[in-house]
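Hey, can you work out the whole structure from these sequences and the hints?
There are 2 protein chains.
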Amino acid sequence: MKCSANYVPLTPISFLERSAIVYKDRISLVYGDINFTWKQTHERCRRLASALCRRGISRGDVVACLAPNIPETYELHFAVPMAGAILSILNTHHDSAMMAALLARSQPKIVFVDYQFLDIANGAFKIMSEKAIPLPRLILIPDPHDSVSSVTAYDSLLAESENDDEFAVVRPDDECDPISLCYTSGTTSTPKCVVYSHRGAYLNSLSSILLTEMKSMPVYLWTVPMVHCNGWCQAWAIAAQGGTNVCLRNVTAKGIFDSVANHRVTHMGGAPTILNMISNAGASGRRPLPGRVAVMTGGAPPHPRVLSEMEEQGFDITHAYGLTETYGPGTICAWQPEWDALPLEARAKLRARQGVQHLGMEEVDVKDPVTMQSVARDGKAMGEVMFRGNTVMSGYYNDAKATEEAFRGGWFRTGDWGVMYPDGYIEVKDRSIDIIVSGGENISTIEVEAVIFSHPAVFEAGVVGRPDEDLGETPCAFLKLKEGHAATEEEIMTYCRERLPHYKVPRTVVFEDLPKTSTGKTQKYALRAKAKAIKDLV
Amino acid sequence: MKCSANYVPLTPISFLERSAIVYKDRISLVYGDINFTWKQTHERCRRLASALCRRGISRGDVVACLAPNIPETYELHFAVPMAGAILSILNTHHDSAMMAALLARSQPKIVFVDYQFLDIANGAFKIMSEKAIPLPRLILIPDPHDSVSSVTAYDSLLAESENDDEFAVVRPDDECDPISLCYTSGTTSTPKCVVYSHRGAYLNSLSSILLTEMKSMPVYLWTVPMVHCNGWCQAWAIAAQGGTNVCLRNVTAKGIFDSVANHRVTHMGGAPTILNMISNAGASGRRPLPGRVAVMTGGAPPHPRVLSEMEEQGFDITHAYGLTETYGPGTICAWQPEWDALPLEARAKLRARQGVQHLGMEEVDVKDPVTMQSVARDGKAMGEVMFRGNTVMSGYYNDAKATEEAFRGGWFRTGDWGVMYPDGYIEVKDRSIDIIVSGGENISTIEVEAVIFSHPAVFEAGVVGRPDEDLGETPCAFLKLKEGHAATEEEIMTYCRERLPHYKVPRTVVFEDLPKTSTGKTQKYALRAKAKAIKDLV
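Protein chains in written order, with the working numbering: chain A, 49 to 586; chain B, 49 to 586.
No lab work stands behind these hints, which were simulated from the structure alone. Heads up, a few of these hints could be off.
The list cannot tell twin chains apart, which means a pair is met if one copy fits it or any two copies do.
Think about it this way: if two alpha-carbon atoms lie no more than 30 angstroms apart in a straight line, the pair counts; the simulated DSBU-like pairs of lysine-lysine are [what the hints assert, rightly or not]:
1) K263 x K87
2) K449 x K179
3) K263 x K157
4) K263 x K397
5) K72 x K263
6) K87 x K397
7) K72 x K428
8) K72 x K415
9) K449 x K50
10) K428 x K87
This is the structure in structure tokens:
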């Protein structure tokens with residue numbers, strides 16, 4: 049018998065409601081001088097949800113937010129679902145043209161805009177007006193130092209519902225109803241709009257607590273942008289554990305060290321750029337840590353040099369892997385205690401693997417994308433990395449065709465190319481689109497990049513295939529050197545020759561800044577175009 | 049779009065399948081000289097499931113197990129669901145007549161019977177035969193020292209499926225399908241048969257990991273009988289975390305201390321009888337602990353004396369509360385860090401509260417059972433404790449009427465009487481049926497028992513109402529003294545008078561052993577009958 053006594057649709061809203069009781073007077077959020085308790089955060093989210101409903105927001109509407117990791121962005125993770133609506137966080141790195149395209153796609157009824165990004169929003173609105181696309185209502189998150197604002201501001205919304213005790217939080221009818229939309233970073237194409245469900249968000253939150261061994265009342269530093277998979281679902285997970293969210297408008301090495309020292313941060317996350325920021329801070333930029341800090345990283349394997357530097361400083365790195373379509377991390381390089389005894393290099397090699405599925409993900413496999421057979425579990429045979437489980441997206445928003453394509457064969461096809469080791473751990477070798485096929489051999493660009501990156505003068509590197517009449521393609525490296533360092537093309541090639549089989553060594557080396565996506569990933573398709581252009585010149 | 053890529057019915061089977069990869073070579077179970085790894089446990093459960101299917105077990109059939117906390121009982125927690133069937137663990141403390149009644153109720157197709165309990169099973173079968181009730185097939189779990197057995201034995205089942213690579217694990221069609229049947233302890237009536245679902249078991253397992261702050265790879269000592277709510281769902285939770293299950297056929301103080309010392313136990317649980325066993329072990333029975341041990345207790349608030357003794361020894365006690373109908377613990381006395389600074393007595397008072405709902409339980413409330421209004425949150429107003437959430441039972445097996453009654457008003461009615469404090473923590477005062485109404489005043493028998501128990505000579509105490517012509521009822525205490533201690537009726541009454549309001553002091557004091565249910569709880573209904581008989585004599 050299924051009834052209200054024994055069946056409640058899973059939703060992260062339950063986390064906040066429970067924390068308002070269990071962790072009532074504990075600090076929920078810190079941002080500069082601002083402090084809230086869980087009771088206050090719950091109350092503010094309720095009020096905001098009430099104000100949204102008064103403005104006509106109803107079940108299934110989209111509400112967008114263009115803002116960095118500030119308290120308002122955090123609160124909208126609960127307030128929007130509590131109004132029955134779908135949250136869409138927008139990337140502050142986009143320009144007005146891209147913003148207009150994304151807004152046209154998801155058609156939010158309301159968009160919250162941080163004052164720093166008002167120009168981008170207005171620019172997007174202008175473009176949309178010209179194309180006669182209906183505009184969302186704009187609600188400003190104002191500069192706290194600016195006392196007057198002509199647009200409805202965030203705080204006035206909160207104020208108007210102050211005594212609204214009657215408001216009933218809207219809960220999902222079905223736990224598979226959407227809770228948020230997340231755009232992919234657009235490494236290989238324009239951003240795709242991914243739908244998350246209440247069920248997936250709930251289950252992924254619990255998994256992410258368990259995979260980081262997070263106890264109750266953690267202190268979480270927001271170095272992962274909330275726009276990335278809702279901060280890898282930590283926005284909800286921290287509420288579940290009654291933790292403290294430490295927010296930063298801009299992430300800097302100083303901001304990180306100060307936050308860790310002042311608030312006794314226990315957990316944080318970040319792409320390799322964040323790790324580099326910490327390890328390159330230099331003695332003057334560092335502060336001693338009050339305790340060890342668990343850091344989850346993803347996007348690329350952490351480099352051994354960075355790993356050892358950070359471990360020494362007191363950061364414990366866990367390597368995770370996933371995509372926007374898997375709510376952020378879908379696998380984790382689960383650490384086996386006996387590995388602690390291995391030398392640094394062996395440890396780094398093991399930690400570079402993407403690992404095994406977390407508790408909420410049913411299965412990860414490496415398969416032949418045509419036959420759907422698993423490849424040999426020998427760490428050599430390559431195939432496409434595929435996922436299956438409750439923490440895989442519902443689909444692409446209003447795009448049944450792309451959704452069907454992604455789920456062809458009953459698995460989510462990542463487009464990532466990898467291997468599986470005999471122990472069941474996977475290692476991603478490349479995006480399938482990035483793999484270089486040279487003289488019939490597959491070359492992982494990630495492998496070549498790792499070798500180049502290990503050169504002491506190199507700050508970052510991107511490798512792509514360059515068309516070649518004889519071999520089909522040959523490796524072409526783009527790289528940026530560290531400030532005050534120098535290296536020649538020949539030096540880089542010699543360095544690679546000593547460490548890689550001949551066919552994997554770049555035939556072309558170009559020194560220049562790498563083009564990046566809004567989430568900080570290298571735009572390989574832009575590099576490929578450049579590599580092709582080089583050929584045309586030769 | 050819901051498909052196999054993004055929707056998998058929640059089931060604890062997933063925990064075992066993942067642990068067979070992630071924790072493959074780690075010890076899953078220890079029992080005397082026996083050791084298994086997670087890979088082996090997974091393989092054994094698969095084989096056993098295959099053997100069950102060959103014997104005609106199919107979706108929805110019941111498979112029972114009459115055995116203590118031995119490896120076989122643990123394995124059946126996975127093997128039976130992996131055959132699509134429903135597990136029913138039977139209490140080894142029942143006699144043949146009760147066993148026959150329970151078997152007739154749940155009608156298992158197969159019953160696994162430990163050699164020590166074969167006589168009880170045969171006795172039950174005889175009774176059932178006489179009543180023409182169909183008998184289940186019996187599979188013996190033999191004495192390892194007895195080489196010949198005429199009944200199909202557990203190990204031969206395992207052996208016959210050794211090379212059965214084709215067997216496909218049966219998974220629930222719907223996550224709300226039943227996974228197990230658990231009988232209530234029968235404190236107030238004959239045992240009721242409670243249905244657990246795959247979904248509830250999955251969610252409660254995750255919650256129980258989080259509420260005990262259990263990291264991955266814990267070492268769990270089985271002092272909670274697996275027959276109690278499938279060991280408070282820890283049977284599944286330990287698989288989720290890749291922990292080590294330390295099994296004991298009989299729980300003794302020596303067994304506990306030896307296990308903790310030899311296997312570095314990190315977690316265990318138990319009713320107050322287990323805590324008493326530890327705290328009464330005496331210096332000779334103790335061994336130094338290799339690390340602190342987290343102990344979850346439930347059934348009754350831990351006594352301050354026991355608490356302080358155990359804390360000193362290295363056991364950290366968490367007080368939880370629940371019923372068979374809530375998969376074991378439904379609330380936990382979540383500890384607030386600032387309480388650490390309070391004196392022992394204040395801490396004990398706080399820890400005696402049953403607390404707040406765990407993460408998997410949606411709501412707990414104290415309500416007027418007629419109006420369904422919440423009582424005042426003042427720690428004084430009494431009402432019925434009620435639950436609502438995904439970790440409330442599906443219902444009573446094949447008993448729609450009792451199920452409807454239990455869920456009347458959309459909440460699960462516990463039949464427990466309690467209060468809610470301003471901070472949202474509940475405290476259970478009594479079973480509603482046990483409350484004594486004397487001269488119009490409600491008397492909590494638990495409160496009176498706690499006072500009597502604090503007397504240094506008292507080993508245990510049970511208080512019930514005794515009919516009284518003037519007052520309706522008066523408190524009547526039954527108690528057992530510690531060996532080598534003495535006390536008179538008058539001494540006990542004086543002791544109570546100094547600590548309780550006059551109307552709560554027992555008017556009658558009886559020295560005798562307390563009648564117990566199969567789960568070790570005092571049979572209050574038996575005491576009430578005795579108390580009534582006293583009146584008839586007077």
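Run through the hints listed earlier and report the numbers of any the structure violates, in increasing order. Hint 3 contradicted; others consistent.
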